[in-house]
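Chemist: Okay, here's what each chain looks like letter by letter:
Number of protein chains: 2
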Amino acid sequence: MTVPVDHRFLILADGQFGPMSSKTANSCLRYFPERIVGVFDRIEAGKTVQDVLGFGGTIPVVGDFALGLSLGGGASAVLVGIAPAGGQLPEEWRGWLKLAIEQKLEVWSGLHTFITDDPELGGLARRLGVRILDARKPPAHLPIADGRAGEVDAYVAHAVGSDCNVGKMTAMLEVRNALVRQGRKARFVATGQTGIFIEGWGTAVDAVVADFIAGAAEDLVLKAAQDADIVLVEGQGSLIHPGYSGVTLGLLHGSMPRGLILCHQPSREYIGDYHGREPWVKIPPLSDLVRIYEDAARPVLPTKVLGICLNTFDLDAAAARRAVTAAVAETGLPAADPVRFDSAPLADAIARAATEWHQSR
Amino acid sequence: MTVPVDHRFLILADGQFGPMSSKTANSCLRYFPERIVGVFDRIEAGKTVQDVLGFGGTIPVVGDFALGLSLGGGASAVLVGIAPAGGQLPEEWRGWLKLAIEQKLEVWSGLHTFITDDPELGGLARRLGVRILDARKPPAHLPIADGRAGEVDAYVAHAVGSDCNVGKMTAMLEVRNALVRQGRKARFVATGQTGIFIEGWGTAVDAVVADFIAGAAEDLVLKAAQDADIVLVEGQGSLIHPGYSGVTLGLLHGSMPRGLILCHQPSREYIGDYHGREPWVKIPPLSDLVRIYEDAARPVLPTKVLGICLNTFDLDAAAARRAVTAAVAETGLPAADPVRFDSAPLADAIARAATEWHQSR
Chain A
1 MTVPVDHRFL ILADGQFGPM SSKTANSCLR YFPERIVGVF DRIEAGKTVQ DVLGFGGTIP
61 VVGDFALGLS LGGGASAVLV GIAPAGGQLP EEWRGWLKLA IEQKLEVWSG LHTFITDDPE
121 LGGLARRLGV RILDARKPPA HLPIADGRAG EVDAYVAHAV GSDCNVGKMT AMLEVRNALV
181 RQGRKARFVA TGQTGIFIEG WGTAVDAVVA DFIAGAAEDL VLKAAQDADI VLVEGQGSLI
241 HPGYSGVTLG LLHGSMPRGL ILCHQPSREY IGDYHGREPW VKIPPLSDLV RIYEDAARPV
301 LPTKVLGICL NTFDLDAAAA RRAVTAAVAE TGLPAADPVR FDSAPLADAI ARAATEWHQS
361 R
Chain B
1 MTVPVDHRFL ILADGQFGPM SSKTANSCLR YFPERIVGVF DRIEAGKTVQ DVLGFGGTIP
61 VVGDFALGLS LGGGASAVLV GIAPAGGQLP EEWRGWLKLA IEQKLEVWSG LHTFITDDPE
121 LGGLARRLGV RILDARKPPA HLPIADGRAG EVDAYVAHAV GSDCNVGKMT AMLEVRNALV
181 RQGRKARFVA TGQTGIFIEG WGTAVDAVVA DFIAGAAEDL VLKAAQDADI VLVEGQGSLI
241 HPGYSGVTLG LLHGSMPRGL ILCHQPSREY IGDYHGREPW VKIPPLSDLV RIYEDAARPV
301 LPTKVLGICL NTFDLDAAAA RRAVTAAVAE TGLPAADPVR FDSAPLADAI ARAATEWHQS
361 R
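Those sequence lines, one after another, are chains A and B. Be aware that the first sequence starts at 1, since it is given in the working numbering, and climbs by one per residue. Be aware that the second sequence starts at 1, since it is given in the working numbering, and climbs by one per residue.
Be a bit skeptical, because a hint or two may be false.
Which copy? The list can't say, so a pair holds if one copy fits it or any two copies do.
[Unchecked claim] Taking lysine to any residue pairs in the SDA-like style, the calculated list, with each CA pair at most 20 Å apart, reads:
#1 K104 x E120
#2 K104 x G87
#3 K23 x A140
#4 K282 x R148
#5 K23 x P84
#6 K282 x L301
#7 K98 x S70
#8 K282 x G150
#9 K223 x L142
#10 K185 x W201
#11 K282 x G57
#12 K282 x I144
#13 K23 x I198
#14 K282 x R298
#15 K47 x W201
Just so you know, these hints were derived from the structure itself, not from any lab.
Next up, chain A with everything else stripped away, as it sits in the complex:
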C-alpha cells in the first residue's frame, strides 16, 4: 500500500482559524507542521500560525488562495481544516477547491459532508484522476467481522485507554517510529480522522454504521498486514466511556490484537467528556483497567496488556517520573510517557512480544 505522506498542504481555514474554531487544522499543525506550507484565512492573514495558536512557528497565514497554493515551492494538496456553518459547502470554497483540483492537487477533508459526493467537485476530481480523501467517509463495502484479523501473519498490537483523548494515537505513532528505527516492518493503522490525515489512509471507525465497527477494524488490519510484521492499531474511546464504549469494544474484537498498550492520563480521575454534569464515571485503577480490557477481549481472542503509556503533559517533571514509577509498581508492566521521556519501554515490549509470537508460529 503506497501512502502519500510527503504532501505539502495548504490548510483551508477561511474565517475560522483560531485556537477553538479550527480543530482539524490545529491537529494537523500540531502533528505534522513540517508538511504544511501555509494556512488560508482572510481574517488572520499576515500573521504566523504561532501568532494565532501559540504553536506552529513561522508557518504563514495568507488571505489569497492562489498565493497559498504557491507557498513553500507549491502545495501538493489542500486540507480542509474547518467545518463551514450549516454543513454545506459555501460557494467561495467551491471555487477554491475547483482551482486546486484543476491543478491536480489532492483534497483532504474531515467534513461530515463528503466532497467525493459533491456532483461538481467529486465529478471533476474523477475526470482528472485526482484523489479526494474524505477522512470521515466509511468504505463502501465493509464486512461483518469474522475473525480474519486473527489469521494475519503480522503481530497486531492495539492501543486502548482509560478515556478519550489520553494519547492512544500518539502512543502508537511513537512506537511505530521507534520500531521502524530498529528496522522492524511496523505499520500504524489509523482509526480516526487525525490519524488518517497523518497517514493518508485509514477508516474513522466511529463514523461507520454500528454493525460494521468490528468489520472496519478487521478490514484495516488485513490491509496493513500485507506489508508489515507488526501492525499497530490506533484506539478510540474507552470500554468505560458511557458514550463511545461500543466503538471501543468493536475495535478491540475486530482488530484481534495479540497485545495491548493501555493509555492513561495520570491526572485524570473521571471520564472527561462530561463537563456539563457532575463528575460521573470514575476511572478505576490501572490494574483494574488491565483486567477489564483483557477480560473483554478474551472470548474472541485472548490478549495481554504489554505496557502502560502515560500522558503526563500536565504534571511537573518529578510528578511525571513518579507516575511512571507508580504505574510500573502497580501493574508489573513497563510504563512510559513516550513524548516526554522515551518510547523505548513500550516499543521494546511490543518488539519482544512480536518476536516471540513470530517464532512460536
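Following the hints, position chain B against chain A.
Modeler: Same frame as chain A, now just chain B:
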C-alpha cells in the same frame, strides 16, 4: 406516545415470498399474524401463508395489489416484507406504494433504501400527512449518551444474551405482556427491525452511526419512560459476538438498566453466525456470562442479572425442563422458557426488583 399497534397489514413480497427469501415478511407473520390481512406475491398467489412457509394458517397470498388492500375489511397499512434486488425501488412497486399512500395507508419498510427519502413517494406521503415508517432509518438528531437514561423515574431492565438470535426480543415481549396483565405500566423498547414492526416505533441501533449507539439507546429509554414505570429494552447481539459486540455494549451503557435478563439457547455451544468457518467463539457457562455483563456495565451503572431466559425450542420437553433446572442451580437465579413454559419467573423477578427500586427512591 401513541403507537398504532392495531394496523391491518398487507405485506408486499412480490416475487420473493418464501421460507428463505422474505425474512422480514416471515418475522411479521410469525410475531403478529393476527394483524396481517394478506401477502401480495404474484408467484405464490392462490396459496395460503401456511402452504408457503409451513406456518401462518389461512392468511391468503394474492396476486392483485388492489385486491390485497381490500382483504380483511381493508388493510390500513402496507408492510414491505422483502428487499428488491439492487436496493432500488422497482417501478412496479412505486405504483403500488403510491396507490396505498393515496388511500392514506401507512407504509412500513425495513429496506436499507429509505422510502421517506424517495422524492416521489416521500413527497406524496408528506403532502397527504401519511406516515412512512422506515424501520432501519436512524432518527435525524441523536445525542451522544450522557447518562440521562439513569435519571428516569422508570425501572429499566434490559435483555442481553449469549449470542444473536437466542430470544432477547421475545423474552422482553413476553415479560411486558405478563407485567401489563398484572397491571404494571410496562413498556417494551424496540431496538431492532422486527421489534419496531411489532411496536410501531423504536430505533434499529445497529443501523446508527457508531458514535451514537449509546445515544440512540438513551433516547429510546427517555421516550419510553415518559409513560411507564417499567421499561424493557430489547437487546442486540452479544458482548462476546466478534461482529456485533460494539452494538451490545453501546446499548448496555446507553440504556443504563438496573436489571438484566440473560438469554441463551441451551443447545448452542458456539456463537452461531459463523457457519462458514470452524466453530470459533465458544459460549462460556451462564455464570461466566452473568459476570461478563455485570462487569461490563459496572463502570457506567452497576446492574444485576435478575433471571435467565432460555430458548429451548429445539429440545424435547424433558431436556428443556432439565435445562431450566440446571440454569437455576448454576446461577442461583430464576430461569424460564417464557414461550414454552411460563414467563412468570422472569416477570416476577423484574416486578419485584422494580418495586424495591421504586420504594427505595
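Chemist: Indicate, hint by hint, whether the structure satisfies it.
Modeler: Evaluated hints:
For the identical chains of this complex, K104 and E120 are intra-copy neighbours only, at 15 Å inside a copy versus 39 Å across copies, given an alpha-carbon limit of 20 Å. Within a single copy, K104 and G87 get their C-alpha atoms no closer than 25 Å, and across copies no closer than 35 Å, so neither meets the 20 Å cut-off. When the C-alpha separation of K23 and A140 is checked against a cutoff of 20 Å, the pair qualifies neither within a copy, at 27 Å, nor between copies, at 24 Å. Within a single copy, K282 and R148 get their C-alpha atoms only as close as 35 Å, which misses the 20 Å cut-off; across copies the closest is 17 Å, which meets it.
Only within a single protomer do K23 and P84 lie at most 20 Å apart by alpha-carbon distance; the minimum there is 12 Å, versus 43 Å between protomers. In this assembly of identical chains, K282 and L301 lie within 20 Å of each other by CA distance solely across copies; the values are 11 Å between and 27 Å within a copy. For a Cα distance limit of 20 Å, the shortest separation of K98 from S70 inside one copy, 16 Å, qualifies, whereas the shortest one across copies, 56 Å, does not. With identical chains, the CA atoms of K282 and G150 are at most 20 Å apart between copies only, with a shortest distance of 16 Å across copies and 33 Å within one.
In this assembly of identical chains, the alpha carbons of K223 and L142 lie at most 20 Å apart only when taken from the same copy (13 Å versus 32 Å across copies). For a Cα distance limit of 20 Å, the shortest separation of K185 from W201 inside one copy, 18 Å, qualifies, whereas the shortest one across copies, 51 Å, does not. In this homomeric assembly, K282 and G57 never come within 20 Å of each other (Cα to Cα): the closest approach is 38 Å inside a single copy and 55 Å across copies. Taking CA atoms no more than 20 Å apart as the test, K282 paired with I144 passes between copies only; the shortest distance there is 18 Å, against 33 Å inside one copy.
Taking the shortest Cα distances, K23 and I198 sit within 20 Å of each other inside one copy (15 Å), while across copies they are farther apart (44 Å). Taking CA atoms no more than 20 Å apart as the test, K282 paired with R298 passes between copies only; the shortest distance there is 11 Å, against 24 Å inside one copy. Within a single copy, K47 and W201 get their C-alpha atoms no closer than 31 Å, and across copies no closer than 54 Å, so neither meets the 20 Å cut-off.
Violation of the numbered hints given earlier is confined to hints 2, 3, 11, 15; the remaining hints are satisfied by the structure.
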